[in-house]
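*Asks:* Chain by chain, the residues run as shown.
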Amino acid sequence: MSHDTLPRPVKTEAAPAAERPARRRAHWTRRANPLAGAGTLIWLAVVIIPIYAMISASLTHQDEALGHNALKPPSHPTLDNYDTVLHNGFGHLLWNTVLAAAGVVLIVLVLCVPLSYVAVRTRSVWSGAAFRLFLLGVAIPAQAVVVPLYLMIAKLNLYDSLLAIILPTAAFAMPVSVLILTGTLRDISEEMYEAMALDGASTTRMLFQLVIPMSKGGISTVVIFSALQAWNGFLFPLIFTQSDGPRVLTLGLFNYVSEFGVNIPAILASVVLSGVPIFIVYLVARRALVGGLMGVGGK
Amino acid sequence: MSLTQLKGGPRDDAGRPRPTRRNRAGRPSAALAVPGVLFFAFFALAPMVLAFYLSFTKWNGLGDPEPAGLANWRKLLGDDRLTQSLTVTVSLTVVSWAFQTVISLLLGVWAAGRQRNRAVLSAIFFVPFLLSSTAISLLFYALLDPNFGIIHKDTLGTTSGAFLAIVFVGGWQFIPFHTLIYQGGARQIPEVLYQAAAIDGAGRLRQFFSITLPQLRNTATTSSVLMIVGSLTYFETVLILTQGGPGTDTAILPYLMYQAGFKSYDFGYASAVASFLVLAATALSLLMVKLSGFGAMRSTREGM
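Keeping their order, the protein sequence lines are chains A and B.
Going left to right, the first sequence walks through residues 1 to 299 as our numbering numbers them.
Going left to right, the second sequence walks through residues 1 to 304 as our numbering numbers them.
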């Protein structure tokens with residue numbers, strides 16, 4: 001183990017005493033680190049340049065765009081490209097995506113919260129097996145099952161509907177959601193259950209009055225994670241839907257490529273617009289969003 | 001929790017009564033778990049089994065699948081594209097993992113500091129993750145366009161250019177997320193370890209390698225599993241940026257399957273590729289579990 005290799009306290013008594021009080025006072029998380037600072041500036045450039053180029057190019061006239069370097073600001077900024085996108089069914093795509101995300105979140109919560117409650121609170125062979133099943137499920141790539149799912153969706157008469165996107169997306173968001181929730185539920189202390197049991201609460205009442213209120217952090221992580229799955233999903237919409245009716249944003253963006261062809265500024269305007277809703281969420285609820293996603297990594 | 005004080009019995013390190021088999025209150029009925037298990041089984045596990053079944057059939061997407069014996073598997077194992085695709089998929093996964101892990105680990109540990117400038121920069125670093133992978137792929141498709149983009153060269157037309165573009169685009173999207181995971185992990189490292197190391201005279205570098213890295217082991221495992229499974233599935237990036245090209249040089253397994261199924265309408269063969277992908281992903285994750293003790297997560301978390 002690496003900490004065994006640290007010098008023992010005795011040896012350091014010879015170290016210059018003047019240096020130590022200062023170091024002890026500086027909280028490790030508050031010390032400056034110039035080398036790391038320089039590294040992060042490089043990463044800042046990596047992050048900012050494409051975003052800048054995207055926004056600046058989306059404001060460029062289509063005529064000016066050919067042979068244009070995306071880093072050059074447009075000589076006559078225009079909002080025409082945004083106009084083009086908004087007149088090509090963008091609102092409808094956004095609405096479908098919001099519906100799909102809401103559906104996925106609802107299904108995941110309704111199914112995963114009770115499931116995780118059982119997985120944490122019972123120690124039977126079956127619940128252990130179910131938990132391991134979900135643990136392994138984290139590794140199943142959704143890509144691997146699109147062909148049979150396509151067959152099943154067709155047989156269920158769900159082809160080309162929003163449900164065809166929602167149901168499998170929810171199923172594939174479940175393993176990670178169960179992992180997150182079981183992690184949070186384990187933090188509820190035994191005596192809280194005992195206190196409720198003394199009051200004569202049923203397990204269902206414990207679920208609603210103890211488990212759900214106490215695992216708000218995990219639940220918000222799951223909401224964010226599963227909403228992002230729906231927001232990001234591309235393969236299921238690509239394969240399970242066809243018409244304009246149930247088309248979601250990701251697939252709509254993809255179709256804009258063939259629709260707008262060489263009009264790259266319009267494509268970029270659609271990319272910018274697709275980011276606006278979630279960017280607003282980020283501005284309004286950054287703490288919840290970031291804190292929630294941090295929870296995906298567990299503790 | 002005054003109740004705790006009143007109770008006797010075994011206690012754990014934190015002074016809480018240790019749960020024993022007898023006194024565990026609030027054991028819910030297993031029936032609560034049934035809907036979730038059934039739903040998952042129907043939409044995720046059954047299709048996996050069905051994929052294996054379909055891999056032994058001939059099916060063009062219309063009508064019903066017909067038995068075809070081992071034909072698809074023979075074709076698959078004799079297919080040069082599979083070998084190439086497997087090589088690309090594995091190298092893409094390994095290179096992406098290394099790229100993303102190194103940067104996210106460093107950024108995450110850095111961002112764990114509570115300075116104001118770090119908080120502001122972290123907020124900016126997160127922005128790419130707000131775009132969907134489709135949007136990001138389209139963005140770089142435009143920025144790498146030889147007539148329009150940042151680099152006036154046919155980056156995507158060369159094998160190494162296309163490969164590195166996919167690695168970079170994947171990293172650009174997912175590094176913010178993994179940075180966040182490492183940041184969360186780094187903030188949970190007990191302060192006292194650093195204080196002890198500082199008293200022992202360990203420098204910054206020594207502290208990083210002797211405390212931070214070992215303490216982030218569980219975090220690294222979670223992040224790596226998500227990365228590896230994630231990069232097996234850079235489907236939209238490949239579809240939008242390179243269409244598997246130049247030639248078939250960046251045709252990763254999921255793309256090969258998509259081509260076989262939804263472009264050539266050979267669903268039997270596509271299922272054989274998909275089954276192969278399931279086998280590969282399962283083997284990979286079992287290996288990860290074995291190497292890292294991911295299954296032991298339960299015990300390391302309990303009582304924290």
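Think of the hints as simulated: they come from the structure by calculation, not from any bench.
Incorrect hints may have been included.
[As the list claims (entries may be wrong)] With a straight-line Cα cutoff of 27 Å, these simulated DSS-like cross-link-like pairs (lysine-lysine) come out:
#1 A/Lys155 - B/Lys153
#2 B/Lys75 - B/Lys263
#3 B/Lys290 - B/Lys263
#4 B/Lys58 - B/Lys263
#5 A/Lys72 - B/Lys153
#6 B/Lys263 - A/Lys155
These numbers come from a predicted model, not from an experiment.
*Asks:* Now tell me if each hint is right for this structure.
*Replies:* Consistency of the hints with the structure:
| no. | hint | result |
| --- | --- | --- |
| 1 | A/Lys155 - B/Lys153 | violated (48 Å) |
| 2 | B/Lys75 - B/Lys263 | holds (18 Å) |
| 3 | B/Lys290 - B/Lys263 | violated (38 Å) |
| 4 | B/Lys58 - B/Lys263 | holds (15 Å) |
| 5 | A/Lys72 - B/Lys153 | holds (17 Å) |
| 6 | B/Lys263 - A/Lys155 | holds (21 Å) |
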